[in-house]
Amino acid sequence: MKLLHKKAKRPGLSLSQMVAIWMTVICLAVFASGVQTVVAIKQLQIPVRSGGGITISLPDSGVGALVNPGETGVDSGRIIRSMAMMFFIICLTAGLGFAAIYYQTVIPLRKIISALGSLQDGNLAVTLDSGGCREMEQIDSLLNDIASNYQETLLLVWSHCAKSADYCGHLSESIGKMSDEDRILTTEIAAIQSRIQEIQNVIGGFEFFDVSMEEDKLIGG
Amino acid sequence: MGKRILIVDDSAMMRKMIRKMLMEKGHDIVGEAKNGEEALSLYQELKPDVVTMDITMRGMDGLTAARVIIDFDDHAKIIFLSNLEKTNYSKDAERIGAVGYVSKSDAREMLALIERL
Numbered sequence: 001m002k003l004l005h006k007k008a009k010r011p012g013l014s015l016s017q018m019v020a021i022w023m024t025v026i027c028l029a030v031f032a033s034g035v036q037t038v039v040a041i042k043q044l045q046i047p048v049r050s051g052g053g054i055t056i057s058l059p060d061s062g063v064g065a066l067v068n069p070g071e072t073g074v075d076s077g078r079i080i081r082s083m084a085m086m087f088f089i090i091c092l093t094a095g096l097g098f099a100a101i102y103y104q105t106v107i108p109l110r111k112i113i114s115a116l117g118s119l120q121d122g123n124l125a126v127t128l129d130s131g132g133c134r135e136m137e138q139i140d141s142l143l144n145d146i147a148s149n150y151q152e153t154l155l156l157v158w159s160h161c162a163k164s165a166d167y168c169g170h171l172s173e174s175i176g177k178m179s180d181e182d183r184i185l186t187t188e189i190a191a192i193q194s195r196i197q198e199i200q201n202v203i204g205g206f207e208f209f210d211v212s213m214e215e216d217k218l219i220g221g
Numbered sequence: 001m002g003k004r005i006l007i008v009d010d011s012a013m014m015r016k017m018i019r020k021m022l023m024e025k026g027h028d029i030v031g032e033a034k035n036g037e038e039a040l041s042l043y044q045e046l047k048p049d050v051v052t053m054d055i056t057m058r059g060m061d062g063l064t065a066a067r068v069i070i071d072f073d074d075h076a077k078i079i080f081l082s083n084l085e086k087t088n089y090s091k092d093a094e095r096i097g098a099v100g101y102v103s104k105s106d107a108r109e110m111l112a113l114i115e116r117l
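Heads up: the sequence lines are chains P and S, in that order.
Under my numbering, the first residue of the first sequence carries the number 1, and numbering increases by one thereafter.
Under my numbering, the first residue of the second sequence carries the number 1, and numbering increases by one thereafter.
Honestly, the hints are just simulated from the structure, not real lab data.
Think of the CB as a built atom: it goes at the ideal place given N, C-alpha and C, for glycine as much as any other residue.
Take these hints with a grain of salt, some might be off.
Said to hold, decoys possible - Below, a list of computed lysine-lysine pairs in the DSS-like style, where the Cα atoms sit at most 27 Å apart:
hint : chain 1 : residue 1 : chain 2 : residue 2
1    : P       : K163      : S       : K91
2    : S       : K25       : P       : K163
3    : S       : K47       : S       : K91
4    : S       : K25       : S       : K86
5    : P       : K217      : S       : K16
6    : S       : K86       : S       : K3
7    : S       : K20       : P       : K163
8    : S       : K47       : P       : K217
9    : S       : K91       : S       : K3
To be verified - Taking CB as the label site, the calculated pair distances span:
hint : chain 1 : residue 1 : chain 2 : residue 2 : range
10   : P       : T187      : S       : K25       : 39 to 47 Å
11   : P       : D145      : S       : R4        : 56 to 64 Å
12   : S       : D73       : P       : I101      : 20 to 28 Å
13   : S       : D74       : P       : A20       : 28 to 36 Å
14   : S       : F72       : P       : Q17       : 36 to 44 Å
15   : P       : L171      : S       : E24       : 39 to 47 Å
16   : P       : Y103      : S       : F72       : 36 to 44 Å
17   : P       : L116      : S       : N88       : 27 to 35 Å
18   : P       : N123      : S       : G2        : 20 to 28 Å
19   : S       : E109      : P       : D210      : 36 to 44 Å
20   : S       : N88       : P       : E188      : 28 to 36 Å
21   : S       : L46       : P       : D145      : 52 to 60 Å
22   : P       : L116      : S       : D74       : 27 to 35 Å
23   : P       : E188      : S       : E109      : 27 to 35 Å
Claimed, not checked - Selected chain P positions facing chain S (in silico; Cβ < 10 Å):
hint : residue
24   : I41
25   : S148
26   : N149
27   : E152
28   : T153
29   : H170
30   : E173
31   : S174
32   : G204
33   : G205
34   : F209
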């Protein structure tokens, strides 16, 4: 028999891996388009006249007039199409890469900033799951851990305060049964209780994850 | 004789505090988990003698995790260690089949409880 539990979330790509993939795809796209363009240019027949160096003579009608589609099967439109395709592929790859990085970093970062704002306001109930790349997941996890640390520490202090206030109450009652001279101590004890209450009030100003304070009790949910 | 203990708590600081307390008494901390899902996985893998379990955790909470562990292993020894009101939750702990419930503010009571196991 196996314990039933959800499978651990598969870690996403890291930012450096994403950038590396993006750059590789762009390079491949440029290379492929470049090869296609070079092949097209090589297939283009341009008349060359030698003498004192190589010069390429272009008729007034331009490059298109130099090509004889019947002989080469290539026209100048092919070069233009290749270059346009290269431009399109580069733009598409760059756009997709930018979109991927935007959704994997910028949007999660906005969620993280919003969560940090909540933490700053004392909301420890915030649970961050911004999604995004591996680094963002690590930030989510660390921020949740920080919130948990604060919560547990504050609740522990609150519990100790509640117990101390309780002890003070018992002490006060015991002293009340003693002589008048000893009763002076009750004022001191009341001052201590007041200080304890102040600490509890400060802690009570926070919002906690899945815990609420009811009178002198900590209740889940 | 020291026990092999799995600590389950979402706060790293609390885990550290509990670990220090248990190790001072010669217990062996075999693993630490920060939520119920991790606890299930580590329990199955490590088969600890005792589990100290927090209740309030992000992800699967301690009560649910304890229920699943006890369903899986009748002999599992789980001690709840939480800041939540003892009078309310010790009954839940008992109902689930845990061996005890200790308030974090009285965490040292857990040592005596472990000794008795």
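Structure-based check of all given hints:
Taken as a hint, the K163(P) and K91(S) pair is honoured in the structure, with Cα atoms around 21 Å apart against an allowance of 27 Å. In summary, the hint linking K25(S) to K163(P) is supported, as the alpha carbons are separated by about 26 Å, within the 27 Å threshold. Of the pairs offered as hints, the one joining K47(S) and K91(S) holds, with about 26 Å between alpha carbons and a cut-off of 27 Å not exceeded. For the given pair, K25(S) sits about 24 Å from K86(S) by alpha-carbon distance, which is consistent with the 27 Å threshold.
Proximity of K217(P) to K16(S) is assessed by CA-CA distance (about 25 Å); at most 27 Å being required, the pair is judged to hold. Between the alpha carbons of K86(S) and K3(S) the distance comes to roughly 25 Å, so the proposed pair stays at or under 27 Å and holds. This hinted pair checks out: K20(S) and K163(P) have alpha carbons roughly 23 Å apart, not beyond 27 Å. Only pairs whose Cα atoms come within 27 Å are accepted, and K47(S) paired with K217(P) is rejected, the gap being roughly 34 Å.
For the suggested pair K91(S) and K3(S), the alpha carbons sit about 25 Å apart, so the restraint of at most 27 Å is met. Separated by about 42 Å at the C-beta atoms, T187(P) and K25(S) satisfy the suggested range of 39 to 47 Å. Separation of D145(P) from R4(S) is about 25 Å and departs from the stated range, judged on CB atoms against 56 to 64 Å. As the Cβ distance of D73(S) to I101(P) is approximately 46 Å, the hint placing it in 20 to 28 Å is violated.
For D74(S) and A20(P), the Cβ-Cβ distance of about 51 Å falls outside the hinted range of 28 to 36 Å, so the restraint is violated. The hinted window of 36 to 44 Å between F72(S) and Q17(P) holds, with their beta carbons roughly 37 Å apart. Between L171(P) and E24(S) the Cβ separation comes to about 31 Å, which falls outside the hinted range of 39 to 47 Å. In this structure, Y103(P) and F72(S) meet the distance hint of 36 to 44 Å, their C-beta atoms being roughly 39 Å apart.
The beta-carbon spacing between L116(P) and N88(S), approximately 33 Å, falls within the hinted interval of 27 to 35 Å. A hinted range of 20 to 28 Å is violated for the C-beta pair N123(P) and G2(S), which are about 41 Å apart. Remark: the range hint 36 to 44 Å for E109(S) to D210(P) is contradicted by a beta-carbon distance near 24 Å. For N88(S) and E188(P), the hinted distance range of 28 to 36 Å is satisfied, since their beta carbons lie about 33 Å from each other.
At about 22 Å, the CB distance of L46(S) to D145(P) disagrees with the hint of 52 to 60 Å. In this structure, L116(P) and D74(S) break the distance hint of 27 to 35 Å, their C-beta atoms being roughly 45 Å apart. Look at E188(P) against E109(S): about 30 Å separates their beta carbons, and that is inside 27 to 35 Å. Hint status for I41(P) relative to chain S: violated, with the closest Cβ pair at about 60 Å, above 10 Å.
At about 4 Å, the closest approach between the beta carbon of S148(P) and any beta carbon in chain S falls short of 10 Å, and the interface hint on this residue holds. Given hint, N149(P) at the interface with chain S, holds; its Cβ is 5 Å from that chain's nearest Cβ, closer than 10 Å. Interface restraint check: E152(P) against chain S, minimum CB-CB distance 4 Å, threshold 10 Å, status holds. With 10 Å as the threshold, the beta carbon of T153(P) comes within range of chain S, its nearest partner Cβ sitting at about 6 Å, so the hint holds.
The interface hint given for H170(P) is broken, as the beta carbon of that residue sits about 16 Å from the closest beta carbon of chain S, more than 10 Å. The interface hint given for E173(P) is violated, since its Cβ lies 21 Å from the closest Cβ of chain S, which is over the 10 Å cut-off. Interface restraint check for S174(P): the shortest CB-CB distance to chain S comes to about 22 Å, outside 10 Å, so the restraint is violated. For G204(P), the shortest C-beta to C-beta distance to chain S is roughly 14 Å, which exceeds 10 Å, and the interface hint is violated.
Residue-level restraint check for G205(P) is violated (minimum Cβ-Cβ distance to chain S is 17 Å; threshold 10 Å). At about 7 Å, the closest approach between the beta carbon of F209(P) and any beta carbon in chain S falls short of 10 Å, and the interface hint on this residue holds.
Violation of the numbered hints given earlier is confined to hints 8, 11, 12, 13, 15, 18, 19, 21, 22, 24, 29, 30, 31, 32 and 33; the remaining hints are satisfied by the structure.
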